[in-house]
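With the hints as your guide, set chain B onto chain A.
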Amino acid sequence: MTSHQFTLASPPTDAISALKFSPDPNSARLVVSSWDKNAYLYDLRDENGKFGEGKLLQKFEHRAPVLDVCFGETENEIYTAGLDWDVRKIDLNTSEQTVLSSHEAGVRHVLYSREHKLVISASWDSTLHIHQADTGANLESLPIIVPLPSKPFSISATATKLVVAMASRALHIYDLKALALLTAEADSADPSSNRVEVEPWQRRESSLKFMTRAVACMPDDAGYASSSIEGRVAVEWFDPSPESQARKYAFKCHRQTGDDGVDVVYPVNALTFHPIFGTFASGGGDGVVALWDGISKRRIRQYQKYQHSVAALAFSASGQHLAIAVSPGFEDGHDEVPEGTVKVYVRELGETEAKGKSKSAK
Amino acid sequence: MGKKRRGPSLEELLDRPWCYYCERDFDDLKILISHQKAKHFKCDNCHRRLNTAGGLSVHLSQVHKEQLTQVQNALPNRMGVDIEIFGMEGIPADVLKAHQQRVASQFQQAELDRQHATGNPPTGASSGGQPAKRPKLEPVSELKKRLAEHKARRAEALAGGSSGDVTPSSAVQSTPTPSGYAPSPQIAATPQYSYPQPYGGPPTAMTPHFSQTGSPVYSSYSPVGGHQIPGASPYTPSGYPSPFPVGLPAQPPVSYGAPPYHQQQPPPSDNRFMGLPAASSLPQRPAFAVPSVNAHEMQQMHMGHVPPTPAPSGYSNGSSARPTENAFPVDNQISGAANDAASKTEGSSKPKKEKAKPAIRMIYNDDTLSPEEKKAQLPRYAYVPDKSTQTVLGEIPGNAIVGAIQDSDTVIDPAH
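Quick mapping for you: the protein sequence lines, in order, are chains A and B. Each step along the first sequence adds one to the number in the UniProt record's numbering, with nothing skipped, and position 59 is 59. Each step along the second sequence adds one to the number in the UniProt record's numbering, with nothing skipped, and position 196 is 196.
It is possible that part of the hints are untrue.
Calculated pairs, DMTMM-like style, for lysine to aspartate or glutamate (alpha carbon to alpha carbon, straight line, at most 25 Å) [said to hold, decoys possible]:
1. K355(A) x D44(B)
2. K252(A) x D25(B)
3. K248(A) x D367(B)
4. K55(A) x E66(B)
5. K65(B) x D46(A)
6. K252(A) x E23(B)
7. K374(B) x E104(A)
8. K305(A) x D293(A)
9. K355(A) x E66(B)
10. K42(B) x D293(A)
11. K59(A) x E73(A)
12. K343(A) x E61(A)
13. K30(B) x D15(B)
14. K97(B) x D27(B)
15. K343(A) x E77(A)
16. K42(B) x E351(A)
17. K305(A) x D44(B)
18. K343(A) x E373(B)
19. K117(A) x D24(A)
20. K39(B) x D27(B)
21. K177(A) x D239(A)
Over 10 Å on every C-beta distance to chain A, these chain B residues come out as not near it, computed from the model [to be verified]:
22. A148
23. E156
24. A157
25. L158
A few chain A residues that face chain B, going by a derived Cβ cut-off under 7 Å, partial list only [what the hints assert, rightly or not]:
26. L148
27. P149
28. F153
29. G285
Since the hints were made in silico from the structure, they are not lab data. Since we're looking at a predicted model, the values are computed, not measured. All C-beta atoms in this analysis are idealised placements derived from N, C-alpha and C, irrespective of residue type, glycine included.
So that you can see chain A by itself, here it is in the shape it has in the complex:
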């Protein structure tokens, strides 16, 4: 209500697949990947450095719909992944695109680990590709390929862990340090045999009964939240001790009771943690965005419903903004996307708007 909200000028023309803020707290850059085969770069600040409508700085055309995008080491490089099976690095200054690796199917997710300087991509060919980012000019270096038991649907990383949520409710947690070491070794080893079976640090079964839709790690490296197509979110902790595992829970959300008493259940498409308060936001097919305090198990607030499904969410690194990607027909898979329905909203958050109720929450 009182928080300020605006829509980005010149949004993508087709459904949005992902949206990320620059990891640099002083940056107001935002990248959006879309099914219209483009990755878009926006800056929320105008010439005078004031936050406003935001403007489109650049867009990068791909050969196929772009399914994910992330910033790299600085706000001047991004990585994209898409249906053309490639993982690309794009230098924003020169607009040069470099294919880092190619999967054998569409690439659903890409993320960059700043701590370990790794580019990790997850594809529907049931593999992870892990690439060292700081190889400099050495483009000969090939990624290691980590086979997965099922198709990955969502990945998320903390400083030390990588969580991969897959089909058949499987979930692997990898130790990023081990992956980094393996990647470094693989580069020096025979390039033909860079397919590496990696034993995950933990194997888990999803706490949710239905297909995992999104997973997001807590910024304090303690655990993660996952969501399913059946309007539910689970919060779990990494620590395998029974006490920590006893803390895990799941709750229903993004549902509506119809007039006939039938609960209409929407998929929870997006989860993202607030970088400072450790609270998280969920976005559902019902067009609702809610903020949750995972520690005290409370809903902090729920925003006014948007017209269409919420496809992606991102907090800015400073925690002052929440970007909300709204696109229609995402779930049906056959709906046309009418013009003017795809929007990116940016909410300027009040100082404590996303803050949890308990002061003890980190």
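Positioned in the frame of chain A, the structure of chain B alone reads:
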């Protein structure tokens, strides 16, 4: 004196303060006001709690230079900042009326359900809030007439074989006066109604059901419902010679416990349905039992979702403002109505137990393919390899593309 009363009476429910913005009700006004301050009139910027939406608006514009556009945490059609609400003050009359109707019908349904489930007489009947302290006299002719009728009915019931009125006989001995309905003393007790004690047995046992239908909600009904309150009003000697107090519509004395009602009276297992339609003066009463409305459904209805049952009169304004209409198309409502109709025909033995485990309908229900994979299969998203002219439709042909891409590690997008 009697059993414990179960739950609050309708009066008490109607008296509960409730929040205009979110339809929650509260134990007392203080709590309501603090709820409104915390939920609806709180400033997000500085956590200050204001008393009213107007106050918050002024605060926002003066302190934070912002404009209040809507009340937070409010139902979609209640977000207006122009209405000044404080506690229960300021609620528009039509909204208030709609709310009361809602509460009343909910209460009645709960009552019916409980009655049906337990087989007990309605609240207040057996506990007999106020048994007639003083016997009231009835003209001898009346007595005789009623006795005759009663006997006739008894005989009839026995002959019908369905005399199985399992209503506990405890209900029989006490006055059938539901205590909750006491206040409306302007309709003085007509003598012919009083003195039910001699009439033990089925007819009196029926009366609880009958009087229950005439609860105060239906104000149009109350004039004829004078019989509800015999115990409450003092016996007025002046009224004695004439069976009809002044102002009471000309109503034959026999109407109380008149044959039509009792002939209609089915075995107890059905009376939850019969109870309501008996009040024929109610135009809006649907033909079947009012569906139980839980809090959420109630909210939905107030938000403007037309329930399958006809909407009460004061309610039409609710549908005027529905800016953020949620995804319930009309066909949902239709199917809802159909469902209700279906469950009605299935018989009364299926009370609304679905509430415990509601049926769910998942918007996306494919446990092997993610929405993105499905979308990726659409022809318009098919990947066009290289810059060759051939467009790949449908399934992505694997091998050709693998070859094409893996040749080049570096691709500078040629076209753009």
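Hints, verified against the model:
1. K355(A) x D44(B): Distance ~11 Å between K355(A) and D44(B) Cα, so the pair holds.
2. K252(A) x D25(B): Cα-Cα ~24 Å, so holds.
3. K248(A) x D367(B): holds (23 Å)
4. K55(A) x E66(B): Distance ~24 Å between K55(A) and E66(B) Cα, so the pair holds.
5. K65(B) x D46(A): Given that 25 Å is the threshold and the Cα spacing comes to 21 Å, the pair holds.
6. K252(A) x E23(B): holds (22 Å)
7. K374(B) x E104(A): holds (17 Å)
8. K305(A) x D293(A): Satisfied, since the Cα-Cα distance of roughly 20 Å is no more than 25 Å.
9. K355(A) x E66(B): Holds. K355(A) to E66(B) sits at ~21 Å (cutoff 25 Å).
10. K42(B) x D293(A): The hint holds at about 19 Å.
11. K59(A) x E73(A): Measuring from Cα to Cα gives roughly 20 Å; hence the hint holds.
12. K343(A) x E61(A): Cα-Cα ~19 Å, so holds.
13. K30(B) x D15(B): Answer holds: K30(B) to D15(B) is near 14 Å, not above 25 Å.
14. K97(B) x D27(B): holds (20 Å)
15. K343(A) x E77(A): Roughly 24 Å separates the two Cα atoms, so the pair holds.
16. K42(B) x E351(A): holds (14 Å)
17. K305(A) x D44(B): holds (19 Å)
18. K343(A) x E373(B): Holds: K343(A) and E373(B) sit about 22 Å apart, inside 25 Å.
19. K117(A) x D24(A): holds (15 Å)
20. K39(B) x D27(B): Given that 25 Å is the threshold and the Cα spacing comes to 17 Å, the pair holds.
21. K177(A) x D239(A): holds (17 Å)
22. A148: Its Cβ never comes within 10 Å of chain A, the nearest being 49 Å, so this holds.
23. E156: The claim stands: E156(B) keeps its Cβ more than 10 Å from every Cβ of chain A (closest is about 41 Å).
24. A157: holds (38 Å)
25. L158: holds (43 Å)
26. L148: Check failed: Cβ of L148(A) comes no nearer than 14 Å to chain B, outside 7 Å.
27. P149: Since the shortest Cβ distance to chain B is 14 Å, the answer is violated.
28. F153: Because about 5 Å separates F153(A) from the closest Cβ in chain B, which is inside the 7 Å limit, the hint holds.
29. G285: holds (5 Å)
Violation of the numbered hints given earlier is confined to hints 26 and 27; the remaining hints are satisfied by the structure.
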